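Protein chains in written order, with UniProt numbering: chain A, 1 to 428; chain B, 1 to 428.
Incorrect hints may have been included.
[As the list claims (entries may be wrong)] Reference listing, derived: stretches of chain A covered by chain B, where coverage requires no fewer than 3 residues with Cβ under 8 Å from a Cβ of chain B: (1) 58–69; (2) 101–109.
[Stated by the list, open to error] In silico DSSO-like cross-links for lysine-lysine, where the CA-CA straight-line distance does not exceed 30 Å: (3) A:Lys337 - B:Lys114; (4) A:Lys86 - B:Lys97; (5) A:Lys337 - A:Lys97.
Just so you know, these hints were derived from the structure itself, not from any lab.
The structure presented is a predicted model; accordingly, all values stated were derived computationally and were not measured.
Glycine is no exception: its CB is placed at the ideal position from the N, C-alpha and C atoms.
Protein chains: 2
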Amino acid sequence: MKVIKNPPVSEWNSICKRATFDKNNLTETVATILEEVKLNKDKALIQYTALFDKVKLSSLEVTKEEISEAKNLISKELKEAIQLAKSNIEIFHNSQKEQEVKVETTAGVTCWRKSVAIEKVGLYIPGGTAPLFSTILMLGIPAKIAGCKEIVLCTPPNKKGAINPAILYTASLVGVTKIFKVGGAQAIAAMGYGTETIPNVYKILGPGNQYVTKAKELIQQEGIAIDMPAGPSEVLVIADETSNPKFVAADLLSQAEHGVDSQVVLLTTNEEVVASINVELESQLNLLARKEIALKALENSFSVSLNSIEECIQFSNKYAPEHLIIASEKASIYIDKITNAGSVFLGNYSCESAGDYASGTNHTLPTNGYAKNYSGVSLDSFIKKITFQEVTKQGIQNIGNAIELMAEAEGLQAHKNAVTVRLNEINN
Amino acid sequence: MKVIKNPPVSEWNSICKRATFDKNNLTETVATILEEVKLNKDKALIQYTALFDKVKLSSLEVTKEEISEAKNLISKELKEAIQLAKSNIEIFHNSQKEQEVKVETTAGVTCWRKSVAIEKVGLYIPGGTAPLFSTILMLGIPAKIAGCKEIVLCTPPNKKGAINPAILYTASLVGVTKIFKVGGAQAIAAMGYGTETIPNVYKILGPGNQYVTKAKELIQQEGIAIDMPAGPSEVLVIADETSNPKFVAADLLSQAEHGVDSQVVLLTTNEEVVASINVELESQLNLLARKEIALKALENSFSVSLNSIEECIQFSNKYAPEHLIIASEKASIYIDKITNAGSVFLGNYSCESAGDYASGTNHTLPTNGYAKNYSGVSLDSFIKKITFQEVTKQGIQNIGNAIELMAEAEGLQAHKNAVTVRLNEINN
């Protein structure tokens, strides 16, 4: 981890810059896959799955038998753990339901909003080394609470054409309506355009590699909504003399093991703490199975010494981290100063892992500085809010003249006339 | 207007399809403008303004003197009308503030969300025939209520290098922090990348022509958020025997005058009503200054006869209109059946113009069927929600084991270890 001591504010922007990755030919490659799936549908999916996942499937949809079988393959302990996480995530996302507020803006003019579920949503769950069943909880639970009718899940099969049982178990538990064995950009295309077996959806959510991310970006331009733009995962930890170096090191490593492109940032007012954390980092690192990945990630990472926790928060707001851990006993006094972050962990016992799995908060969060302008996934991600207005005779009499004047000033005579015909009728 | 009688449900999808427009070369043209502004900043803006707006500017920012002058050019009546609209829009958007809800998901695990303003936003207001100062109210007021610190507005100057005084007056009234004389794709680029005089922003909102729309689409891929994808404006009116044909015709025309690509749709259970509306359409059309535009728009438009109001709502949900007018005395009984619409107008006195200007609802709404997956602009558009969690010793003891099990099952050992080190410390 690179160490930066008391950098002047003028250098903060450049320190906060994320690494950019070479995306040569990515757009072209992905656009070709999208086009191919749009045209040849299931046939293209079968072909791409043979090519990329090395398995020739006869059918894309996961069967009821496969799901029942998966349930038997999961230990009782893991099932209970998933149930506990599900319960907490449900409690928090249920608390995000909004009351309908009706307001009379002028006598006779009543306005309100109604939250309505997006009817059909698609969830993408990557394959690879780690079967991310926790992400199914994070996406499926709010989709279900919102009331989405169709919740489609796509995830790549292994070389035997199977899906990890924890994924099947969790998907079934949260009420996913259909599960398909398809991954990569071709899965995004399938959910965006629809095929003979995979229904098209109105919004696609979930993490993925650069092909998946690019496919989501491209399909968004065709009117299909996506959760948010994506980048490598990251954590920023603010530590002071009340931090526990062992805990901080463990938190930094839990982020670093995600991928070689993960970034961890340590801000502190206390150089002794940094030294202790570094000692801990080294000893804990050696015990990790994913040591090589974590080591690479740490190479992209840095610590910054600053003069006060307030200054650390200011730096963090500029960095806009996906995860912000304030590893201090005094964490809660800084809450109001935080303006840009995805999810915040307060105090020494709030580890990022808690939010990743089971505290109840969502772990699908804005990376790459997008916490400046995007929220993480929440119940809001699965609904849209329709506005309503009811204008009575009295109402149009109260606001009609203002509308006529404004419409006229904008040169929109027919807009004005829609009011005039009503006022005339009332006055006659 | 094309008349379609009782189409089978199997044909609804194709009836609901919006016209697509030829966008050849658009991406390339706009990408060049973005690149040029990124590289040459203000110099590029001055050049594009000379090229497209036919005026050579010496300075891009509107001065305080220009704003004071504008105030004197607006009539007292129009000022009062704008003030009334502002007050209603403020009341409705203030009602969208959310209470912070803290929940204890498990004993010792507390989660909540905090709404924080997006620090810097950019508003785009088109030039052209109609000076859309009403859109400044719709974007500037919620931005101000949200607490955005920098609210930048870009709008193209006329050939004399001036901005319409109603635009300057309204921008100053709602608290826009800086106004710039720049339009088109180059304005989007300027707000996205920043130039010597125009600050970069984190989110760009506002309507525009196809160049502006494409520029927003492209810049979104660089991590700058936008309000929503855009398409031509549209209204769907459901009329029954309790409708007033004169009002319905006026509402259809108020939409049709927007542009030749606007679409108006009439659904009804009553053929006599259609006949009366058509008679009214013809007589009102002849009185309009923008008759030619409205006439062209009506050519893209259609009416559909259906068997019941319920069926009309079902059709409307498939169409997902930007504006839905239920021109019926019984409108309110159908509210719960509406699943896809931008803004809904209930009853005979709730004309679309009311929502366009002064009822209090926002007029920046999803078009082109995007009401299926997008909300209109609201206070939500100017904030992001940061999640917080505070896990106590007791909390991590309650959920720690579940996290360990799940992290292990996902193959993420360091995630597990972040919990283990804490549990070990507590137990020692």
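| Unsatisfied constraints (hint numbers, rising) | Result: hint 1 breaks, nothing else.
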